[in-house]
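If you're matching them up, the sequences are chains S and D in order.
Numbered according to this note's numbering, the first sequence spans residues 10 to 208.
Numbered according to this note's numbering, the second sequence spans residues 5 to 217.
Since the hints were derived computationally from the structure, they do not count as laboratory data.
Remember, it's a predicted structure, so these values are computed and weren't measured experimentally.
Every residue gets a Cβ at the ideal spot worked out from N, C-alpha and C, and that includes glycine.
One thing to keep in mind: the hints can contain errors.
[Unchecked claim] Heads up, incomplete: computed chain D residues facing chain S, CB under 8 Å, no partners named: (1) E17; (2) G21; (3) R111.
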Amino acid sequence: MKTLDQKPARPEGRKDPWSQLLEKVGKNQDRQAYHALFEHFGPQIKYYAMANGMASHAEELVQEVFVSIWRRSCLYDWRKAAASTWIFTIARNQRIDMLRKMKRLSVEMPVETEDLWQIPGENEDEPVTSLHRLMSERRIRESLSHLPEEQITVIAKVYMENKSHQMVADELNIPLGTVKSRVRLALNKLKVILQDQNV
Amino acid sequence: MTRHHPDSLTLMEYSAGNLTEPHALCIRLHLDKCPHCQSRVDTLESLGAVMMENHPKADVSESMFDSILARIDNGSDDNEVMARVSVRTDPLQKLLGEDLDSLPWKRQLGDVSVLDISERFPGQHEQVVLQKLSAGGKAPVHTHRGEETTIVLQGAFADQKGVFNQWDFVVLNDQDEHKPVAVGCEDCITLSVLSAPVKLTGTFTRLLNPFIR
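All chains should be built: construct the whole structure from the sequences, respecting the hints.
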């Protein structure tokens, strides 16, 4: 694959149908495209909420995420992230927001969730990371399929159940060091660990 | 260019949304200035998306979609929301409201001043402090009980582990006894998140413990 394209773009951005649909929502308020996104991502987000202990608020979370997708879609830039990644970050942030609201913290907190966890493409000062982008979703999928089950289990608990590495260790009854080494092995394959030796 | 980065495991916990707000703030400030770490977070966020896709799905109903449409049709606040999200945010400015030098610093001892901003993060149990070491100044020898996550906001400091410049990220724990010195001609200002108070180790400073928060 050539990466010396003039444009700092994700090479496969255009090929991904969900990103095209999301662009249509952003540009034309296309409700058919919006509905297709709902049918595809709605069930994923609902499961995500159920997996991370928000079962009683699962539908509420799906709604919040989709209202947010509609409102932000005009800011979506396919060169910065695939639709699935962009929507994941919105789901993650809406979950954090909802937890904050449940604890009635949102009023007192001067810094909002999105100041701390950004949605890709919404910070004008953001460096053009797509230039440095290490791996596309497609390549992550491929790499994941080669990972041993025990590594995937740990990663799933971190992302889907929102458990810290320590909580994962407690739950699986294995040492924290084992959890960390599984994660490191996985991230190595995913090429996320490149510069850790400099830390 | 920053030389001290968060490790991939921490970035993973960040990308999954599992860090507390003060820790997320330290990461966010670093990411803003570090394209390398930002690109690692991009990949980790895509990993999150792929994990979500690989899991079972839970049924959603058409009536749910109808209520979503009702909300967006009724969205008189859309413009307000969009105005807010399209404005660039500087979390540090939002949090502190003014420039770092004119904050109500509390002088501790000699070259060290601190400002505890834990109350800006209600509902969480970590201590969040700004620390200022005057240009050329030295902090007393100390270790850390628990873990301390620090990001350099201004200037630079050095200890036996190296030089830490603006936007460098460092995690210290109870194994790390250090004696930081501000280097360069600027005061060194850091933001630290502490899971437990700092423990002083020098003989003379022991009485003042804990004077560095």
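Hint check:
no.: 1; hint: E17; in the structure: 6 Å, holds
no.: 2; hint: G21; in the structure: 4 Å, holds
no.: 3; hint: R111; in the structure: 25 Å, violated
In this structure, the one hint that does not hold is number 3.
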